[in-house]
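From just these sequences and the hints, can you work out the full model?
Just so you know, the protein sequences line up as chains A and B, in that order.
Read in order, the letters of the first sequence correspond to residues 1 to 70 in our numbering.
Read in order, the letters of the second sequence correspond to residues 1 to 147 in our numbering.
It is worth saying that the hints were derived from the structure and are not from the lab.
Treat the hints with caution; some may be incorrect.
Pairwise CB distance ranges, derived in the manner of DEER restraints [as the list claims (entries may be wrong)]:
#	chain 1	residue 1	chain 2	residue 2	range
1	A	46	B	142	39 to 49 Å
2	A	46	B	64	31 to 41 Å
3	B	75	A	42	14 to 24 Å
4	A	42	B	40	33 to 43 Å
5	A	42	B	57	17 to 27 Å
6	B	103	A	42	30 to 40 Å
7	B	147	A	42	28 to 38 Å
8	B	58	A	42	17 to 27 Å
9	A	42	B	33	33 to 43 Å
10	B	46	A	42	19 to 29 Å
11	A	42	B	108	38 to 48 Å
12	A	42	B	85	19 to 29 Å
13	B	86	A	46	36 to 46 Å
All values reported here derive from a predicted model rather than from experimental measurement.
Yeah, the Cβ is synthetic: ideal placement off N, Cα and C, and Gly gets one too.
Take a look at the letters that make up each chain.
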Amino acid sequence: MTSVYGNPNSLDPVTPVGSGLAAEATTVDWMGMRPESEGCGLEVFAGYTLQRSEATRRVGWRLVRCTPGS
Amino acid sequence: MYTGLLNFGIEWGLEKAVGWQGGSVNTTWLWISGKDASGTLGGYDLTISDIAGFQTLRMFELWFQQDFWDDRISLRIGQLAADSKFVISDYAAWFIDGTFGWPAFMYLNLPEGGPASPMSTLGARVAIHPVEWLTFLIAVSQGNVYD
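Okay, structure coming up:
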């Protein structure tokens with residue numbers, strides 16, 4: 001079973017958390033979306049975060065390969 | 001200017017994989033790219049970014065965990081980072097701002113910033129989970145991440 005968490009196509013920031021460089025973060029929480037590993041013998045995961053100076057944003061997606069599938 | 005973090009790894013549930021009840025192995029790796037804006041735009045010790053670091057590909061954590069007594073007690077040993085289980089709220093981990101990561105009173109007082117992303121140290125952690133809503137955590141780790 002392969003699952004993708006988060007939204008790789010969206011850079012939408014939705015939650016202001018301050019001002020200036022670190023003004024925004026998305027609620028796409030690929031770290032928090034990580035599923036419990038019950039059901040996985042082997043879980044392979046990856047995610048990417050990009051922070052840019054003009055608008056701090058998290059581009060989050062998390063690919064989970066679960067073997068055997070649950 | 002940008003900062004990028006590729007986070008990847010493997011979690012191996014030994015019970016499902018080879019029938020070893022309660023055992024699991026995890027390793028997490030980080031590929032940090034770009035620059036840390038804290039030095040050039042911030043100009044002070046409190047970091048702007050929770051993901052920035054020197055540009056590198058490095059192993060972040062590698063540990064073995066054994067659960068006992070219906071997962072009420074677990075022992076984790078290996079290369080551990082304290083910020084993955086201590087001090088930081090799960091909900092604060094949503095944000096990239098350094099304010100929400102390993103706090104300044106820790107990284108300014110512990111040797112070389114302490115065992116927190118992107119550095120970890122050898123250590124052991126015990127979790128006691130007597131009832132569903134309560135967990136006690138205690139850990140011992142190497143003091144200086146560069147030793």
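Hints, verified against the model:
For the pair residue 46 of chain A and residue 142 of chain B, the supplied restraint of 39 to 49 Å is violated, since their beta-carbon distance comes to about 28 Å. At roughly 22 Å, the beta carbons of residue 46 of chain A and residue 64 of chain B sit outside the given window of 31 to 41 Å. The hinted window of 14 to 24 Å between residue 75 of chain B and residue 42 of chain A holds, with their beta carbons roughly 22 Å apart. At about 41 Å, the beta-carbon gap between residue 42 of chain A and residue 40 of chain B stays in the expected band of 33 to 43 Å.
Look at residue 42 of chain A against residue 57 of chain B: about 22 Å separates their beta carbons, and that is inside 17 to 27 Å. Between residue 103 of chain B and residue 42 of chain A the beta carbons are some 34 Å apart, a value that agrees with the proposed interval 30 to 40 Å. At about 33 Å, the CB distance of residue 147 of chain B to residue 42 of chain A agrees with the hint of 28 to 38 Å. Roughly 22 Å separates the CB atoms of residue 58 of chain B and residue 42 of chain A, a value that falls within the hinted 17 to 27 Å.
Taken as a hint, the range 33 to 43 Å is violated for the pair residue 42 of chain A and residue 33 of chain B, whose Cβ atoms sit roughly 27 Å apart. In this structure, residue 46 of chain B and residue 42 of chain A break the distance hint of 19 to 29 Å, their C-beta atoms being roughly 39 Å apart. Checked against the given bound of 38 to 48 Å, the beta carbons of residue 42 of chain A and residue 108 of chain B, roughly 39 Å apart, stay inside it. At roughly 23 Å, the beta carbons of residue 42 of chain A and residue 85 of chain B sit within the given window of 19 to 29 Å.
In this structure the supplied range 36 to 46 Å is violated for residue 86 of chain B paired with residue 46 of chain A, their Cβ-Cβ distance being about 25 Å.
Against the hints set out earlier in the document, violations occur for numbers 1, 2, 9, 10 and 13.
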